[in-house]
Amino acid sequence: MHDIKMLTSRALVRGLKSGFWRPLSSTSGVQVAHGKDMSFDVLDCSVPQYNNRLDTPLSDVPFVRNLNSEQKQLKEKENGPWTKLTKEEIIALYRLTYELTYPEMRRGSSEWKTVLGGVFIFLGFSGMLVWWQRIFVFGEVPHTLSDEWVEKQTQRMIDMRINPVGGFAYHWDYVKKQWK
Amino acid sequence: MFRAVVRLSTSGVRSLARTRPCFSAPLASRCYSHAKVETDEEFDARWVTYFSKPDIDAWELKKGMNTLIGYDLVPEPKILDSALRACRRLNDLASAIRILEAVKDKSGPHKDIYPYLIQELQPTLTELGISTPEDLGMDKL
Numbered sequence: 001m002h003d004i005k006m007l008t009s010r011a012l013v014r015g016l017k018s019g020f021w022r023p024l025s026s027t028s029g030v031q032v033a034h035g036k037d038m039s040f041d042v043l044d045c046s047v048p049q050y051n052n053r054l055d056t057p058l059s060d061v062p063f064v065r066n067l068n069s070e071q072k073q074l075k076e077k078e079n080g081p082w083t084k085l086t087k088e089e090i091i092a093l094y095r096l097t098y099e100l101t102y103p104e105m106r107r108g109s110s111e112w113k114t115v116l117g118g119v120f121i122f123l124g125f126s127g128m129l130v131w132w133q134r135i136f137v138f139g140e141v142p143h144t145l146s147d148e149w150v151e152k153q154t155q156r157m158i159d160m161r162i163n164p165v166g167g168f169a170y171h172w173d174y175v176k177k178q179w180k
Numbered sequence: 001m002f003r004a005v006v007r008l009s010t011s012g013v014r015s016l017a018r019t020r021p022c023f024s025a026p027l028a029s030r031c032y033s034h035a036k037v038e039t040d041e042e043f044d045a046r047w048v049t050y051f052s053k054p055d056i057d058a059w060e061l062k063k064g065m066n067t068l069i070g071y072d073l074v075p076e077p078k079i080l081d082s083a084l085r086a087c088r089r090l091n092d093l094a095s096a097i098r099i100l101e102a103v104k105d106k107s108g109p110h111k112d113i114y115p116y117l118i119q120e121l122q123p124t125l126t127e128l129g130i131s132t133p134e135d136l137g138m139d140k141l
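From first to last, the protein sequence lines stand for chains A and B.
Sequential numbering of the first sequence, starting at 1, is according to this note's numbering.
Sequential numbering of the second sequence, starting at 1, is according to this note's numbering.
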């Protein structure tokens, strides 16, 4: 009765923990930390979307659609000779149309560290459970596994010549009375 | 009875083999496609013409560029020159820089292609005022 109560509370704790841990690698905080853009709630899939793709350099729509007044002025300046633009203006123009540069698209994230850490934590937790089980749940091993029983058993097996060709008694030297 | 069947079937097979054109003349005609293969020069000329259209619109530039990057090749400088001039006509400096980034990425492990392209395109880049991603520090993270 007492054991069942302990087991159910253990299961409850484990259930709570997995419910708590499951959204951990996909929460927006962690995704922003790993470098994803989470500034929108719902994508409108009925209109062309912006996307960062290595195999599609020019996206269907520019990244920033709604330009404020100074961005509009910059766009006007783009209509003139490009030699007149400063470096900062050129970078600003690029960032208006494209979110990520190619190196930024190719950069990996550190998500694997979170995943590996989570895996090890769960493995450790399982190890804890197994250890607790070993101490508090399992009884003693049978007496036939004790050292003196195994000794007598081995001697009996040698006397009976168990597997004399390729197995057990083959490895016993009956002349020198020792293992080969 | 079996011998008769075999005799009939072998003669049938022989006549079948005779009517198939592919095996009639040894090595003269293989079963290859008869489509004409486009030479490299024709390919380049076609793409230069595509981007040289005076009233090219933004969609055509995007479509052309995305298709070109989809091919298993790095475009010749003359194609890129034509594409960069199309960007100038469309007043799109960001796309011009994007094209340069894309061909650098397309070269993959062959690191000597991109410097060659920039060297060939340098007159156009200075004329139009396009800075390379390296000039802008955008090739680093």
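The set of hints was computed from the structure by calculation and includes no laboratory data.
Errors might be hidden in some of the hints.
[Unchecked claim] Now the stretches of chain B that chain A is said to cover, found in silico as 3 or more residues with beta-carbon under 8 Å: (1) 37-44; (2) 63-72; (3) 101-111; (4) 125-132.
Note that the structure is a prediction, hence the values are computed from the model and not measured.
Where a beta carbon is used, it is the ideal one built from N, C-alpha and C, also for glycine.
Next on the checklist: How does the stretch 37-44 of chain B fare against chain A when you require at least three residues with a CB closer than 8 Å, holds or violated?
Outcome noted: Not satisfied, violated; 0 residues make the cut.
Checklist entry - Are at least 3 residues of the stretch 125-132 of chain B within less than 8 Å of chain A when you compare beta carbons? => result With 4 residues in contact (Cβ-Cβ under 8 Å with chain A), the coverage given for the stretch 125-132 of chain B holds.
Checklist entry - For the stretch 101-111 of chain B, do three or more residues have a beta carbon lying closer than 8 Å to a beta carbon of chain A? => result holds (count 4)
Checklist entry - With a Cβ-Cβ cutoff of 8 Å, does the stretch 63-72 of chain B contain at least three residues near chain A? => result holds (count 4)
Against the hints set out earlier in the document, a violation occurs for number 1 only.
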